[in-house]
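Construct the complete structure from the given sequences, taking the supplied hints into account.
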Amino acid sequence: MPTASGTTPELNFRTPDEQFEGQAPFESWGRYPNYDANVVPLHWQSDYPAVASGMHNGVLPVGMGRSYGDVCLLNGGNLLVTTGLNRLIAFDPETGLLTAEAGITLAQILDFAVPRGFFLPVSPGTKYVTLGGAIANDIHGKNHHVAGTFGRHVTQFELVRSDGTRKLCSPTENSDFYAATIGGLGLTGLISWAQLRLKPIVSRLIDYEGIQFHGIDEFLDLTRRSQDIEYTVSWIDCASTGKNFARGVFMQGDHSTKRDMLTPSPKPKLVFPFDAPGFALNHLSVSLFNTAFFHKQIHNRVVALQDYEPFFYPLDKVLHWNRMYGKRGLLQFQYVIPWESAREGTITILKEVAKSGLASFLAVLKVFGDVPSPGMMSFPKPGITLALDFPIKPDKSFPLFERLADMTREFGGRLYPAKDAAMTAAQFQAFYPQWQQFARYRDPQLTSSFWERVTGDRPGL
Amino acid sequence: MSQIDSTTPRKILVLGATSGIAEATCRIWAAQGARLFLVARNAEKLAAVATDLRTRGASYVDTAVADLDNTDQHPTLLAHAVNSLTGLDVAYLTYGILGDQAKAEQDFNTAAQIIYTNYMAPVSLLTWLANFCVQRHAGTLAVISSVAGDRGRKSNYLYGSSKAGLSAFLGGLRNRVDREGVTVLAIKPGPVKTAMTSGMKGSEKFADVDAVAKSIVNAIDKRQDTLYVPFQWQPIMFIIRNIPERIFKKLNL
Chain A
17 MPTASGTTPE LNFRTPDEQF EGQAPFESWG RYPNYDANVV PLHWQSDYPA
67 VASGMHNGVL PVGMGRSYGD VCLLNGGNLL VTTGLNRLIA FDPETGLLTA
117 EAGITLAQIL DFAVPRGFFL PVSPGTKYVT LGGAIANDIH GKNHHVAGTF
167 GRHVTQFELV RSDGTRKLCS PTENSDFYAA TIGGLGLTGL ISWAQLRLKP
217 IVSRLIDYEG IQFHGIDEFL DLTRRSQDIE YTVSWIDCAS TGKNFARGVF
267 MQGDHSTKRD MLTPSPKPKL VFPFDAPGFA LNHLSVSLFN TAFFHKQIHN
317 RVVALQDYEP FFYPLDKVLH WNRMYGKRGL LQFQYVIPWE SAREGTITIL
367 KEVAKSGLAS FLAVLKVFGD VPSPGMMSFP KPGITLALDF PIKPDKSFPL
417 FERLADMTRE FGGRLYPAKD AAMTAAQFQA FYPQWQQFAR YRDPQLTSSF
467 WERVTGDRPG L
Chain B
474 MSQIDSTTPR KILVLGATSG IAEATCRIWA AQGARLFLVA RNAEKLAAVA
524 TDLRTRGASY VDTAVADLDN TDQHPTLLAH AVNSLTGLDV AYLTYGILGD
574 QAKAEQDFNT AAQIIYTNYM APVSLLTWLA NFCVQRHAGT LAVISSVAGD
624 RGRKSNYLYG SSKAGLSAFL GGLRNRVDRE GVTVLAIKPG PVKTAMTSGM
674 KGSEKFADVD AVAKSIVNAI DKRQDTLYVP FQWQPIMFII RNIPERIFKK
724 LNL
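Line by line, the protein sequences are chains A and B.
For the first sequence, the numbering used here assigns the number 17 to the initial residue and increments by one for each residue that follows.
For the second sequence, the numbering used here assigns the number 474 to the initial residue and increments by one for each residue that follows.
What the hints contain is simulated information worked out from the structure, not anything from laboratory work.
There's no promise every hint is true.
Below, a sample of chain A positions facing chain B; criterion: calculated Cβ distance under 7 angstroms [claimed, not checked]: (1) 60; (2) 62; (3) 103; (4) 105; (5) 107.
Not everything, but these chain A residues come out facing chain B in the computed CB check (under 10 angstroms) [claimed, not checked]: (6) 59; (7) 61; (8) 117.
Beta carbons: idealized from backbone N, C-alpha and C, even for Gly.
This is the structure:
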């Protein structure tokens with residue numbers, strides 16, 4: 017699978033004529049499930065669809081494989097890796113409109129844009145995702161309450177179907193395919209290029225403020241008071257109970273308006289070097305981590321100027337941090353619950369997680385705003401979203417996930433496909449009742465292990 | 474020490490501009506505002522690369538579609554390129570083919586094709602380019618050879634021998650033109666993650682193409698003679714060159 021640049025390669029006296037044959041494992045970021053697929057890199061827009069035309073057992077375009085579950089996997093099928101499609105096509109420094117091939121990563125876009133005084137309109141927690149992947153999962157960021165999802169800032173793109181038809185998609189042209197492709201999990205066709213509206217900045221720095229909170233009500237209070245701040249997100253301690261229940265750190269920031277050097281980012285240096293053994297993660301170590309993180313912020317309130325890198329991408333500093341969870345991998349769980357039941361639902365689910373003892377290092381709490389997404393299948397909607405990750409313990413994790421997914425459903429919420437490896441077909445179809453309408457836009461040759469799992473079949477094959 | 478005047482954009486001719494290493498190198502030059510003349514066989518791919526480099530800040534990008542195996546065309550093509558660039562600071566030869574070793578072992582025509590593309594055609598280009606640079610007492614010829622040329626191995630000796638010939642040619646050419654103010658850089662990459670190597674066994678461990686490109690730009694700026702990239706290949710190839718033949722011939726490399 018593609019790795020980020022800048023790492024020292026292991027030396028390997030390979031002969032250039034040992035052609036790869038047959039199947040290879042392609043891991044998603046959660047490293048679960050494990051599937052083999054025929055992995056074929058795309059380097060030129062003209063490679064597709066010719067390369068896909070002779071393929072059997074289904075095809076799925078994939079980028080950096082940063083989705084956690086199986087939306088970027090196709091068991092026994094063909095994965096077309098798009099990261100070689102990373103060329104720029106046009107940039108207008110007046111409007112900030114950037115057109116690029118869809119395999120370009122957000123890191124590559126930032127390296128180009130930041131020195132020119134522009135930034136991504138919406139950024140997820142890692143910059144190692146492709147433009148196409150960001151559209152296909154209609155990702156969101158810390159500014160969802162003011163900016164909406166990534167798809168809202170995509171002005172147009174080209175969709176190539178496996179039969180060779182090319183569709184220019186925008187809010188006004190092929191608008192049905194535009195809506196189906198944003199959040200369409202890569203199933204409507206290959207996004208060959210896309211145009212994105214970047215936003216102007218004058219500094220690399222973020223005016224940052226971190227505030228401790230105790231409980232969901234304090235979190236909601238802080239959220240209400242920070243409506244005008246562009247970026248807000250919270251880390252929450254999901255291991256503690258009693259008086260420490262739902263304590264956390266509320267983090268907010270704006271792009272600094274003090275003019276500053278706009279330089280490209282240095283390459284990451286730390287690499288998590290090995291798979292951590294299973295015993296390294298248990299309730300005790302997670303509790304210790306969470307307690308340490310909470311008190312890392314010694315003062316109740318911290319104000320600082322911070323580079324955008326640690327603010328947006330704290331984990332990108334450590335390449336392959338997913339190895340921390342060992343070979344068995346991790347499961348992510350992210351819900352959104354609408355306002356009517358958001359407070360009650362969040363408390364109920366946090367209690368269930370604390371009770372299970374399967375705690376998470378990285379619990380992230382955020383409020384989604386009411387800026388609508390153009391995507392038919394997009395995950396965000398107004399309310400509270402919580403993302404948790406857990407090391408996989410087969411006998412315990414999956415029953416817990418099923419309970420949490422059912423609770424989410426009872427509270428009127430839904431789960432995020434990009435972070436999922438466990439929801440059932442019935443749960444998915446209840447969360448996304450529009451899935452049958454969406455299925456009409458699916459490319460007949462394109463499918464994923466996720467799609468097979470949640471629709472119960474492998475259509476068209 | 475860098476010999477490059479940073480205020481005037483450099484004039485760079487790239488032969489084989491759609492190769493993965495060439496593209497990564499050109500992105501660095503484009504960001505510096507260089508003037509580029511790009512040559513490749515496939516018009517569609519060449520146009521995509523040229524558009525990318527213009528967007529990244531190249532001050533001038535011109536292209537020509539050509540099959541560089543056609544040596545008769547070389548003088549016209551090179552003269553056109555130099556006119557278009559209004560001069561020449563760096564000529565960068567990056568093209569080559571791996572070829573099919575198994576087939577070449579049985580079929581001389583396959584072997585001859587590898588040798589022609591990787592050795593004969595570069596000799597034709599470099600002869601013209603070296604004479605042009607000697608007349609002006611300036612210029613750098615940066616040429617991608619390979620670690621595979623340092624010692625023949627059973628798994629790829631046709632590719633390797635063509636690159637060995639190229640490396641020896643570059644050494645002799647350097648010896649001739651150095652006193653005329655012309656630099657000849659022989660670049661010897663180990664396996665690099667590019668379109669040429671994608672799908673090969675272990676290719677996820679190959680060198681990162683952006684890091685390789687950075688080393689090449691640096692070596693050109695410093696007017697180096699030889700570059701092993703990544704640098705670990707220099708001691709490795711030193712050892713491999715010095716394994717006694719009676720042992721080497723028993724090895725599976």
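Structure-based check of each hint:
no.: 1; hint: 60; verdict: holds (5 angstroms)
no.: 2; hint: 62; verdict: holds (5 angstroms)
no.: 3; hint: 103; verdict: holds (4 angstroms)
no.: 4; hint: 105; verdict: holds (6 angstroms)
no.: 5; hint: 107; verdict: holds (5 angstroms)
no.: 6; hint: 59; verdict: holds (4 angstroms)
no.: 7; hint: 61; verdict: holds (7 angstroms)
no.: 8; hint: 117; verdict: holds (8 angstroms)
Of the numbered hints given earlier, the model fails none.
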